[in-house]
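Student: Sequence:
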Amino acid sequence: MATVMRSTFLPVDWPTVGICFSSSVSHSPSREGFAMGSDRLFRAVDFMQLSDDEPIRSVIVETAEAVVVAWYVKPGQRIAAHVHPSGQDTWTILSGHGTYLTEASGSALAITAGDVVVAPVGCVHGVSNHGQEPLTFISVVSPADAGFEPMPDALTPTSPLSS
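With positions in the sequence shown counted from 1, the corresponding number in this note's numbering is that position plus 450.
Careful: at least some of the hints might be erroneous.
[To be verified] Here are the simulated lysine to aspartate or glutamate pairs, DMTMM-like style, with alpha carbons at most 25 Å apart: (1) Lys524 with Asp502; (2) Lys524 with Asp496; (3) Lys524 with Asp503; (4) Lys524 with Asp489; (5) Lys524 with Glu504; (6) Lys524 with Asp603; (7) Lys524 with Glu583; (8) Lys524 with Asp565; (9) Lys524 with Glu599.
Calculated from the structure, these hints are not laboratory results.
The whole structure should be built from the sequences, with the hints applied where relevant.
Tutor: Below, the structure is given as structure tokens:
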């Protein structure tokens, strides 16, 4: 049994199965002054990009297995309804509130900081920020080549069910 460095998620004596070597990992922006292992630790705030038009998809890291994206959705903005036909999209909400679309018919859930929402393969999802503060979250799409199909006929959610 090996010992790993202390983490808020793993106990000190957590067993490890093997050694992890990174390969073909791409990310941006530059991580100057970052310690060894910079392809495994990222600060979400470094990737959040504000836009007055529509939210910007800011890739944190992408491998064949997954793409991790930071999102900053200003009040009044939305990420239009879409599906990933060959993969799952999992969102971890960092701050703010939103209306998370769950069906093309407009069915939705209220989401807030601390929530994790999952869109399984082929499930419609999107979000609107009707709040007064930015909605920020991390999206993990797996696999990275899960595809993307907009759902232009989907209704925009306005009144979510409670989460």
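Student: Run every hint past the structure and note whether it holds.
Tutor: Hint check:
A threshold of 25 Å between alpha carbons decides the hint, and for Lys524 with Asp502 the separation of about 8 Å falls inside it, so the pair holds. For a cut-off of 25 Å, the pair hint linking Lys524 to Asp496 stands: about 17 Å separates their Cα positions. Taking the CA atoms of Lys524 and Asp503, the gap is near 10 Å; set against the 25 Å cutoff, the hint holds. Straight-line distance between C-alpha atoms of Lys524 and Asp489 comes to about 28 Å, which puts the hinted pair past the 25 Å bound.
For the suggested pair Lys524 and Glu504, the alpha carbons sit about 9 Å apart, so the restraint of at most 25 Å is met. Between Lys524 and Asp603 the CA atoms are separated by roughly 23 Å; this keeps the pair inside 25 Å, and the hint holds. With a C-alpha separation of about 7 Å, the suggested pairing of Lys524 with Glu583 holds against the 25 Å cut-off. Proximity of Lys524 to Asp565 is assessed by CA-CA distance (about 18 Å); at most 25 Å being required, the pair is judged to hold.
A threshold of 25 Å between alpha carbons decides the hint, and for Lys524 with Glu599 the separation of about 23 Å falls inside it, so the pair holds.
Consistency with the previously given hints fails for number 4 only.
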